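A.B. asks: If you want the building blocks of each chain, they are given just below.
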Amino acid sequence: MSLPQPRALSAGQRRYLLALALAAAVVFFVIALLVQLGVAIEAEWRVQRVAQAARAGALETPMRIISLLGTGWVLLPAAVLGGVVLLPRHAALALSLVAAGVGAAGAGNLTKLLAIRQRPNTVLWAYPSTHTFGIAVFVVLLLYVLWALGAPPGRRALVLAAGAVLTVAVGASRLYLNAHWIGDVLGGFTGGLAFALAAVLVLDRRLRVPAAARGEARLGAVAG
Amino acid sequence: MAEACPRCGYPAVADDKCPQCHVVVSLYQASLEKLRRGPGGSRTTGSPAGASPAAAPEESIPPAPDAAEPASTPFGAFRAPARPGAPAAAAPAASASAGMRKLRFHGSAMGLFGIQAINALLTLLTLGVFYFWAKTRVRRYVMGETELEGDRFAYHGTGRELLVGFAKGVAVFFIPTALLTILPELYQAPAEVRSSLRSLLWLVGLLVVPVAMVGARRYRLSRMSWRGIRFSFRGSARQFVGIFVVGTILTSLTLGLYYPVFVTQRQAFMVSHAYFGSRKFDFDGRGRDLMKPFLVMILLFLPTLGLSWFWFAARRQRYFTERTRFGATRVRCTIAGGPLAWLTISNVLAIVLSLGLLWPWTVVRSLEFTLRYTSLHGPLELEGIHQDARAASAMGEGLAGLLDADFGV
Numbered sequence: 001m002s003l004p005q006p007r008a009l010s011a012g013q014r015r016y017l018l019a020l021a022l023a024a025a026v027v028f029f030v031i032a033l034l035v036q037l038g039v040a041i042e043a044e045w046r047v048q049r050v051a052q053a054a055r056a057g058a059l060e061t062p063m064r065i066i067s068l069l070g071t072g073w074v075l076l077p078a079a080v081l082g083g084v085v086l087l088p089r090h091a092a093l094a095l096s097l098v099a100a101g102v103g104a105a106g107a108g109n110l111t112k113l114l115a116i117r118q119r120p121n122t123v124l125w126a127y128p129s130t131h132t133f134g135i136a137v138f139v140v141l142l143l144y145v146l147w148a149l150g151a152p153p154g155r156r157a158l159v160l161a162a163g164a165v166l167t168v169a170v171g172a173s174r175l176y177l178n179a180h181w182i183g184d185v186l187g188g189f190t191g192g193l194a195f196a197l198a199a200v201l202v203l204d205r206r207l208r209v210p211a212a213a214r215g216e217a218r219l220g221a222v223a224g
Numbered sequence: 225m226a227e228a229c230p231r232c233g234y235p236a237v238a239d240d241k242c243p244q245c246h247v248v249v250s251l252y253q254a255s256l257e258k259l260r261r262g263p264g265g266s267r268t269t270g271s272p273a274g275a276s277p278a279a280a281p282e283e284s285i286p287p288a289p290d291a292a293e294p295a296s297t298p299f300g301a302f303r304a305p306a307r308p309g310a311p312a313a314a315a316p317a318a319s320a321s322a323g324m325r326k327l328r329f330h331g332s333a334m335g336l337f338g339i340q341a342i343n344a345l346l347t348l349l350t351l352g353v354f355y356f357w358a359k360t361r362v363r364r365y366v367m368g369e370t371e372l373e374g375d376r377f378a379y380h381g382t383g384r385e386l387l388v389g390f391a392k393g394v395a396v397f398f399i400p401t402a403l404l405t406i407l408p409e410l411y412q413a414p415a416e417v418r419s420s421l422r423s424l425l426w427l428v429g430l431l432v433v434p435v436a437m438v439g440a441r442r443y444r445l446s447r448m449s450w451r452g453i454r455f456s457f458r459g460s461a462r463q464f465v466g467i468f469v470v471g472t473i474l475t476s477l478t479l480g481l482y483y484p485v486f487v488t489q490r491q492a493f494m495v496s497h498a499y500f501g502s503r504k505f506d507f508d509g510r511g512r513d514l515m516k517p518f519l520v521m522i523l524l525f526l527p528t529l530g531l532s533w534f535w536f537a538a539r540r541q542r543y544f545t546e547r548t549r550f551g552a553t554r555v556r557c558t559i560a561g562g563p564l565a566w567l568t569i570s571n572v573l574a575i576v577l578s579l580g581l582l583w584p585w586t587v588v589r590s591l592e593f594t595l596r597y598t599s600l601h602g603p604l605e606l607e608g609i610h611q612d613a614r615a616a617s618a619m620g621e622g623l624a625g626l627l628d629a630d631f632g633v
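Here the protein sequences line up with chains X and L, keeping their order. Each residue of the first sequence is one higher than the last, beginning at 1 in the numbering used here. Each residue of the second sequence is one higher than the last, beginning at 225 in the numbering used here.
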């Protein structure tokens, strides 16, 4: 019995996502430039002051746990777990998602080479926040999978709301823990969004070509 | 009322000094605030209001000691997270109690390679203009990855400053020198005039080199900070020109025998005019102490095919380091000639054989090498230090760049 293929994006949707990805990437690079030049340091300092003023003993552990949710230690196993669940029915989608997760981990780290600056706690590699980058990628890819597999709109809206809250919470935890400036968090969010949308476009392109056709093309190439 | 230490979390700090990590709480908080102000702090000159160490900021940030970022390199972002509640200053506290402190370098060759790759790309794309920002990025990386007592150093210089300094250097030195070299040839000036001009240029060069050295030192130290307190250099260029000119002439006249005295005088000048905040460094070395090792090096130079130089260089570095003091803190160095020779020769080979690709590896390796053999002894005594930053232009740095000399300052 053949299983239903994941939904493909329409041409309009692809154009919209491409525009959004480009806009997010531009904002990401603009923030990187501002960060490198130290243009907004006073504003960032003000935000940092507000975040640190909110520190309280009772919030320390919850904030650390929320922050942990944005690390590869949580996100990569979650991506692999999702891939394992999808594997029997949608092998291509499952493998592509895991590849996108690993790619996001690499990209998040590589983008740190763009701006060399210290965090509020003086440790290097402030921009962008890879925690925020990672959680943004995870949420967008999760939403895409739900949409592609035809999840009901209500469930998708719920995941969207939860994902937005989680992304903001991870970003806030990085500020709270004095590990990032606000510019780093915004950079992580926009960079993650750009990467995730680009990954969605690549995934969609890959999935819209039926596996059988790809196999035939390969055979044809070998025979030719 | 007793409060928790903002750095290590020690629960009850009765006075201003933490008994566990020995940090002075008010100074720590004040300096962290200044650090967080980032490049804006460079506008500060002289002793700003409230710069006293006791003048903690009204709204100081609790520095969240245990929020130390485990993901400290772009290639190690998924390391195990720090144990919640684990004081980040545990190791420094332990070393402090033992009376010895080590500088640590946390950087990696891969990290520096990545930075260099982007630098090379952007420098090509901007036809070389990005070079100054590239230089700044490398310095930021090196400083930001160097740690003492749990806190990183910071570099506040900007590419724009270097560009302006370079432009000034070109206008003041390069263009006149080029004109004085080219015009006599172009208009076929008499041989006497050309010869006089060459002598004049040699003299100008002799004067410009020390000015550039002092300027570069002044600029770089003014853009460095630790715990938010700026370093500075307050030596007069005129004084150093005297040392340099006399030293160069005497070294030439004595066929190099004056060299140990000359380099020691240079080192003394560079170190004893350096400050961290309001406290100066001291240097009590004498050139004659290096005379014997220098003569031994010369005697063994040919039989050892020049390798004796490394033993002298190691001896010189040990001597210079051990003669440096910062308050009650002494610096010790245990570099030996053999490892130094191996480091230098293997670095040169690596760069040549890899066509420069291994340059980041050699930089990181050299830094780790130096820091491995260097340690601070005695109490740091940071209590009396307050912010006392000095303004400095990057023109000396620009001149140093024009002369294609790092000067190691």
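I should point out that these hints are in silico values taken from the structure, not numbers from a laboratory. None of these values were measured; they are calculated from a predicted model. Possibly wrong hints are sitting among the right ones.
Here are some chain X residues pointing at chain L (derived, C-beta under 8 Å) [said to hold, decoys possible]:
#: 1; residue: LEU34
#: 2; residue: ILE116
#: 3; residue: ARG117
#: 4; residue: GLN118
#: 5; residue: THR122
#: 6; residue: VAL123
#: 7; residue: LEU124
Glycine included, every Cβ here is placed at the ideal spot set by N, Cα and C.
A.B. asks: Decide, hint by hint, whether the structure agrees.
C.D. replies: Verification of the hints:
Annotation: LEU34(X) was flagged as interfacial toward chain L, and the flag is violated, the nearest CB pair being 12 Å apart, outside 8 Å. With 8 Å as the threshold, the beta carbon of ILE116(X) comes within range of chain L, its nearest partner Cβ sitting at about 4 Å, so the hint holds. Interface hint at ARG117(X): satisfied, since its Cβ lies 7 Å from the closest Cβ of chain L, which is below the 8 Å cut-off. The closest approach between the C-beta of GLN118(X) and any C-beta of chain L is roughly 5 Å, which is under the 8 Å cut-off, so the hint is satisfied.
Hint status for THR122(X): holds, given a least beta-carbon distance of 4 Å to chain L, under 8 Å. With a least beta-carbon distance of about 5 Å to chain L, the hint placing VAL123(X) at the interface is held under the 8 Å criterion. For LEU124(X), the interface hint holds, the least distance from its beta-carbon to any beta-carbon of chain L being 4 Å, beneath 8 Å.
Hint 1 from the earlier list is the only one contradicted by this structure; the remaining hints agree with it.
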